[in-house]
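As they're listed, the protein sequences go chains A and B. At position 205 of the first sequence (counting the first as 1) the number is 205 in this note's numbering, and the numbers step up by one without a gap. At position 49 of the second sequence (counting the first as 1) the number is 49 in this note's numbering, and the numbers step up by one without a gap.
Incorrect hints may appear among the rest.
[Said to hold, decoys possible] Below, a list of computed lysine-lysine pairs in the DSBU-like style, where the Cα atoms sit at most 30 Å apart:
no., chain 1, residue 1, chain 2, residue 2
1, A, K26, B, K320
2, B, K371, A, K57
3, A, K140, A, K122
4, B, K320, A, K214
5, B, K99, B, K140
6, B, K174, B, K360
7, B, K140, B, K61
8, A, K26, B, K371
9, B, K265, B, K277
10, A, K214, B, K277
11, B, K77, B, K140
12, B, K165, B, K258
13, B, K265, B, K320
14, B, K25, B, K177
15, B, K61, B, K243
16, B, K371, B, K320
17, A, K18, B, K371
18, B, K99, B, K360
19, A, K214, B, K361
20, A, K214, A, K163
21, A, K214, B, K77
22, A, K122, A, K18
23, B, K4, B, K258
24, B, K361, B, K25
[As the list claims (entries may be wrong)] Away from chain B, derived, C-beta distances all over 12 Å, residues of chain A:
no., residue
25, F112
26, T198
27, Q209
28, I217
29, C232
[Said to hold, decoys possible] Quick look at which bits of chain B chain A covers, simulated, 3 or more residues with Cβ under 8 Å:
no., segment
30, 30-44
31, 295-301
Since the hints were derived computationally from the structure, they do not count as laboratory data. Keep in mind it's a predicted model, so treat the numbers as computed, not measured. All C-beta atoms, glycine included, are put in the ideal place defined by N, C-alpha and C.
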Amino acid sequence: MESKENNRSRWFALINDKPIIAPRQKVRVSVLKELASIPIEHSLYRDIDNPEDVLCKNTDNIDLVDGNVFYSTECLYGESKANPKTCAKLAFLVNDHFEIATIRELSYETFFGLFNLEKGLKLFRDFESPNDPLIMTNSKINFADGPVFYTRCGECEPSGEIKIIVNGREKTVSKADLSYEEVVRLAYIQVNPNGVYTVVYRNGVNCVQGSMVKGDIVKIKNGMMFNVTETCKS
Amino acid sequence: MSQKLVNLNADLSKLRDEGYEMDVKNGYLLISNIPYVNSNKEVAFGTLISVLDISGSKVLKPLTHVALFVGDFPCNKDGTPIEGIRHCDYSQILFDSVKPNYSFSNKPAAGYSDYYEKMTRYIEIISAPARSLCPEVTPKTFKRLETAEEDSVFNYYDTNSSRSKINAISDKLKNHKIAIIGLGGTGSYVLDLVAKAPVSEIHLYDGDMFAQHNAFRAPGAPTIEQLEATYPKVEYFTDIYSKMHRGICPHAAFITDKNKNELLKLDFVFVCVDSGKAKRLILPLLISNGIPFVDVGMGVYERCGGLVASIRTTSFVSNKSDFIGNVISYEDAEEDEYTTNIQIADLNMLNASFAVIKWKKLLGVYIDTVKEYNNVYSSDWNQLINQCDETNS
Chain A
1 MESKENNRSR
11 WFALINDKPI
21 IAPRQKVRVS
31 VLKELASIPI
41 EHSLYRDIDN
51 PEDVLCKNTD
61 NIDLVDGNVF
71 YSTECLYGES
81 KANPKTCAKL
91 AFLVNDHFEI
101 ATIRELSYET
111 FFGLFNLEKG
121 LKLFRDFESP
131 NDPLIMTNSK
141 INFADGPVFY
151 TRCGECEPSG
161 EIKIIVNGRE
171 KTVSKADLSY
181 EEVVRLAYIQ
191 VNPNGVYTVV
201 YRNGVNCVQG
211 SMVKGDIVKI
221 KNGMMFNVTE
231 TCKS
Chain B
1 MSQKLVNLNA
11 DLSKLRDEGY
21 EMDVKNGYLL
31 ISNIPYVNSN
41 KEVAFGTLIS
51 VLDISGSKVL
61 KPLTHVALFV
71 GDFPCNKDGT
81 PIEGIRHCDY
91 SQILFDSVKP
101 NYSFSNKPAA
111 GYSDYYEKMT
121 RYIEIISAPA
131 RSLCPEVTPK
141 TFKRLETAEE
151 DSVFNYYDTN
161 SSRSKINAIS
171 DKLKNHKIAI
181 IGLGGTGSYV
191 LDLVAKAPVS
201 EIHLYDGDMF
211 AQHNAFRAPG
221 APTIEQLEAT
231 YPKVEYFTDI
241 YSKMHRGICP
251 HAAFITDKNK
261 NELLKLDFVF
271 VCVDSGKAKR
281 LILPLLISNG
291 IPFVDVGMGV
301 YERCGGLVAS
311 IRTTSFVSNK
321 SDFIGNVISY
331 EDAEEDEYTT
341 NIQIADLNML
351 NASFAVIKWK
361 KLLGVYIDTV
371 KEYNNVYSSD
381 WNQLINQCDE
391 TNS
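Generate coordinates for the entire structure from the input sequences, incorporating the hints supplied.
What follows is the structure, given as structure tokens:
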């Protein structure tokens, strides 16, 4: 089940060069360690490109907007060292690839250059909602507004085609998101309006996987897979 | 203590007859009131324990030479520990309130040939200094322990739990009354698993007869004569599992308005029925009475000459039921590939395992970190998707 809260941009932390999708912008260090499979007793540092990187205590609630790049070491964690003055590293994620910057605000062109994105692609900031904002061509991209993005091909959006797989069959969809009811109708010709269908998906936008029930809407992307069944047999 | 077990085995009866304060409980042999010297050079009394390896009612040759001890570490007359037998400190609860402090290791080259030899050898080592300090003390008190038969739900000892020293954990399932509604593929595998748990009562509800196709979706292997005899399913399974568990109660009926209130005396229900109509009767009743349950169900479809299965396991505990109507159907489903004769015992078994593991999580046997209330396994992706509340910070 994906979170259904709207108007919340997706956040991630880059830990030991692996992007870890965070449940929210402010996260407890112990949770980050668990998500990144780092033993709780290892030291986690926020990477500020300085020998005095900041040690994160397990009980700290850290705000990823202050810098979302971390690394861990096997040494047991002790007290934090002197307060650093330099800039924390900032990681952005586009279509599951990350790049690191040290400035908080990038121009549209710089951002495209950083990720080597083709001109003409449409860039969306990933919110946990069906209405992700399109980033306008001349706007600035501010880290604090959310570091997770994806692109769609310019010509085929929003009226273009996305190929998804429902119950092992390829389906072509011409919109960016699907409701539970729409997914069920793609799987079954005859749908019992009072029936309850088990809908699960994988390989979604930013690699999300999850399940859907009545009322849920999910963003789709090429190659996303759905399984729809009536799980009533025993 | 089972007198029968002691009478049938020469090594145990010899221990009893020589006057040791012996008891057999939860698959362990315990001898209490064993004199030893503590580090203050005083005589104290402890309990020596050994796992009992049993096959049916026959005690086997001890598989391990290690023994456990409740008490201080036994010392020589001068108060120095008898280091020769030291093995480890011990802090696990074996069962009830039995909590050993140490394990000992003294291994004869050929191992111990029986429990008499094993226990008396350890007693000799532990008690010798005490008897030297105080010659009148003896472990052979001839005090007879209570001879009541152990109130076990099994026809023989659960030596699996005692061997792996998890009795205290499996005891969390004791005195529970559970029901399995529907003895189809999944329900019969649920029974196969819960029959090995120390629950007090297992009620089986199903109005169908055991038919030939059921044999291919059920644990075990019936003979052709058993199939021809056309038993009600609940009786067929009661016959099998009563060989092991004493608390199996067959009800050859479906749940209807007439008998539904029988469910209210239960601690937990496994709902393993196909019919949405039946669920419409059963689930709201359990929810409104706060009786926890697991509902199982699978969907299988055929694609490119192969099968794809989704296996759902949904659980209800007292305070969370709003999601149930969104994940469990109260409608009777369309005919699909599953209703034809596809053999899928392995999927039934997996669904039953998920259900039983969830039940054991709810009782604290397994740790329940994410507290999923619904999960779906997709066979083609080999992936398990959990539905749970995000409270992990």
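Going down the list of hints, with the structure as the test:
1. A:K26 / B:K320: 27 Å, holds
2. B:K371 / A:K57: 26 Å, holds
3. A:K140 / A:K122: 15 Å, holds
4. B:K320 / A:K214: 18 Å, holds
5. B:K99 / B:K140: Measuring from Cα to Cα gives roughly 23 Å; hence the hint holds.
6. B:K174 / B:K360: Given that 30 Å is the threshold and the Cα spacing comes to 12 Å, the pair holds.
7. B:K140 / B:K61: 23 Å, holds
8. A:K26 / B:K371: Holds, at roughly 22 Å.
9. B:K265 / B:K277: 22 Å, holds
10. A:K214 / B:K277: 20 Å, holds
11. B:K77 / B:K140: Roughly 21 Å separates the two Cα atoms, so the pair holds.
12. B:K165 / B:K258: Violated, because 44 Å separates the two Cα atoms, which is more than 30 Å.
13. B:K265 / B:K320: Measuring from Cα to Cα gives roughly 21 Å; hence the hint holds.
14. B:K25 / B:K177: Answer holds: K25 (chain B) to K177 (chain B) is near 23 Å, not above 30 Å.
15. B:K61 / B:K243: 25 Å, holds
16. B:K371 / B:K320: 11 Å, holds
17. A:K18 / B:K371: 27 Å, holds
18. B:K99 / B:K360: 23 Å, holds
19. A:K214 / B:K361: 28 Å, holds
20. A:K214 / A:K163: 23 Å, holds
21. A:K214 / B:K77: Violated: K214 (chain A) and K77 (chain B) sit about 76 Å apart, past 30 Å.
22. A:K122 / A:K18: 25 Å, holds
23. B:K4 / B:K258: Status violated; Cα separation ~44 Å.
24. B:K361 / B:K25: With Cα atoms ~26 Å apart, K361 (chain B) and K25 (chain B) stay inside 30 Å; holds.
25. F112: F112 (chain A) is indeed farther than 12 Å from all Cβ atoms of chain B, at 34 Å.
26. T198: 5 Å, violated
27. Q209: 6 Å, violated
28. I217: Check passes; 14 Å lies beyond 12 Å.
29. C232: 5 Å, violated
30. 30-44: Result for this restraint: violated, n = 0.
31. 295-301: With 6 residues close enough to chain A, the hint holds.
Hint violations for this structure: numbers 12, 21, 23, 26, 27, 29, 30, all remaining hints satisfied.
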